[in-house]
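Peer 1: Spelled out, the chains give:
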Amino acid sequence: AQKITQTQPGMFVQEKEAVTLDCTYDTSDPSYGLFWYKQPSSGEMIFLIYQGSYDQQNATEGRYSLNFQKARKSANLVISASQLGDSAMYFCAMSFPKESWGKLQFGAGTQVVVTP
Amino acid sequence: DTEVTQTPKHLVMGMTNKKSLKCEQHMGHRAMYWYKQKAKKPPELMFVYSYEKLSINESVPSRFSPECPNSSLLNLHLHALQPEDSALYLCASSQDSGKGQPQHFGDGTRLSIL
Numbered sequence: 001a002q003k004i005t006q007t008q009p010g011m012f013v014q015e016k017e018a019v020t021l022d023c024t025y026d027t028s029d030p031s032y033g034l035f036w037y038k039q040p041s042s043g044e045m046i047f048l049i050y051q052g053s054y055d056q057q058n059a060t061e062g063r064y065s066l067n068f069q070k071a072r073k074s075a076n077l078v079i080s081a082s083q084l085g086d087s088a089m090y091f092c093a094m095s096f097p098k099e100s101w102g103k104l105q106f107g108a109g110t111q112v113v114v115t116p
Numbered sequence: 001d002t003e004v005t006q007t008p009k010h011l012v013m014g015m016t017n018k019k020s021l022k023c024e025q026h027m028g029h030r031a032m033y034w035y036k037q038k039a040k041k042p043p044e045l046m047f048v049y050s051y052e053k054l055s056i057n058e059s060v061p062s063r064f065s066p067e068c069p070n071s072s073l074l075n076l077h078l079h080a081l082q083p084e085d086s087a088l089y090l091c092a093s094s095q096d097s098g099k100g101q102p103q104h105f106g107d108g109t110r111l112s113i114l
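Top line first, the protein sequences correspond to chains A and B. As numbered in the numbering used here, residues 1 to 116 make up the first sequence, in order. As numbered in the numbering used here, residues 1 to 114 make up the second sequence, in order.
Everything labelled a hint here was simulated from the structure, so no lab data went into it. Keep in mind that a hint or two might mislead.
What the hints assert, rightly or not - Simulated crosslink set (SDA-like; lysine to any residue; CA at most 25 Å straight-line):
id, chain 1, residue 1, chain 2, residue 2
1, A, Lys98, B, Val60
2, B, Lys99, A, Trp101
3, B, Lys40, A, Val114
4, A, Lys103, B, Val12
5, B, Lys19, B, Thr5
6, A, Lys103, B, Leu114
7, A, Lys70, A, Val114
8, A, Lys103, B, Lys53
9, B, Lys38, A, Pro9
10, A, Lys103, B, Glu52
Construct all of the structure, not just a fragment, from the sequences and the given hints.
Peer 2: What follows is the structure, encoded as structure tokens:
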């Protein structure tokens, strides 16, 4: 069974600072996909970044980067230069070929509040 | 604005009513998904359609009935729901249901069962 853990239920960050959101997972499967999603209070889930378990380089997308440490089973999201619009719930999610690549499993989420 | 459109945005219904949630995408995606999300919880997968065929049903009660009339549309038919079914229902789509395909979500339908 796979387990995804986000240990930070909530955090405050000052505008323009960087923030790291933790995600660890427990799986014996060598092949998997890692995703991060953002959910503002409006409800929409917004895809941020993807990392495949065999990808050699850490994924980056604009202000988002993924600190992927495979041996430690950790895939932390780094948001640089936080903006007020970054206030949202952030979910780490994974998929596995044994269950179906299309079946996303989510962590509990981290609520981020960006303050001026 | 998202590229996955869900209607209605809000729905209040009684336990004996029949209603439908609709989801539409025009990105040419061939996989579509329904999720249920309770307040302050992560989304939970309900159904996956791949190339208009139901590929995953996560043991969802039969009072929820999905339908995929064509590659752009996904419906969720609701009948005899219970108060615990009140939640945000999210639809998503992806290029296909293969490795590394990000799912693109709609804004959701907030459902309340009286």
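Peer 1: Would you mind marking each hint as holding or not holding in the structure?
Peer 2: We went through each hint and held it up to the structure:
Among the hinted pairs, lysine 98 of chain A with valine 60 of chain B is consistent with the structure: their alpha-carbon atoms are about 20 Å apart, no more than 25 Å. Under the criterion of a C-alpha separation no larger than 25 Å, the hint pairing lysine 99 of chain B with tryptophan 101 of chain A is consistent with the structure, at around 5 Å. At roughly 19 Å between alpha-carbon atoms, lysine 40 of chain B and valine 114 of chain A fall within 25 Å of each other, so this suggested pair holds. About 29 Å separates the Cα atoms of lysine 103 of chain A and valine 12 of chain B, which puts this hinted pair outside 25 Å; it is violated.
Distance restraint check for lysine 19 of chain B and threonine 5 of chain B: the Cα-Cα separation of roughly 17 Å lies within the 25 Å cut-off, and the hinted pair is therefore satisfied. Distance restraint check for lysine 103 of chain A and leucine 114 of chain B: the Cα-Cα separation of roughly 31 Å exceeds the 25 Å cut-off, and the hinted pair is therefore not satisfied. With a C-alpha separation of about 29 Å, the suggested pair lysine 70 of chain A and valine 114 of chain A falls outside the 25 Å cut-off, and the hint is violated. This hinted pair checks out: lysine 103 of chain A and lysine 53 of chain B have alpha carbons roughly 15 Å apart, not beyond 25 Å.
A hinted pair counts as satisfied when its Cα atoms are at most 25 Å apart, and lysine 38 of chain B with proline 9 of chain A qualifies at roughly 16 Å. Straight-line distance between C-alpha atoms of lysine 103 of chain A and glutamate 52 of chain B comes to about 16 Å, which keeps the hinted pair within the 25 Å bound.
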